[in-house]
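> Sequence:
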Amino acid sequence: MSNEQYQSVIEALHECMVACNHCYDACLREGNVNMMADCIRLDRECADICAYLEQAIGRGTPFVAELAEVCAKICETCGNECKKHDHDHCQKCAEACFKCAEVCRNLAS
1 MSNEQYQSVI EALHECMVAC NHCYDACLRE GNVNMMADCI RLDRECADIC AYLEQAIGRG
61 TPFVAELAEV CAKICETCGN ECKKHDHDHC QKCAEACFKC AEVCRNLAS
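Using the working numbering, read the sequence shown as starting at 1 and increasing by one per residue.
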């Protein structure tokens, strides 16, 4: 598959990475940072795997399906954590994570 064929995947990965990075930064500014620790940790994990998969696709990695499966799992876990919090940044992050998880699951299958 060429990079053009992966364009929607790349866009979902990038949007998720940006949302997770924004959520991570915003969570650090919340009044009770300790309460946000799991969210912050998962935001970092999710942003990192999305960025890695985006780069790996650009390189033409032969491990797209395997990486997409891992990415989907991390995105879903991050989305589930973020949706527990009422903050707007968490809700937007959860939405981006669930969208990315779905795209990655489709890619992995």
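Everything labelled a hint here was simulated from the structure, so no lab data went into it. Some hints could be false.
Cut-off 30 Å, straight-line C-alpha distance, at most; resulting in silico cross-link-like pairs (DSS-like, lysine-lysine) [as the list claims (entries may be wrong)]:
(1) 92 with 73
(2) 99 with 84
(3) 73 with 84
(4) 83 with 73
(5) 73 with 99
(6) 83 with 99
> Just pull the numbers of the violated hints for me, sorted ascending.
none
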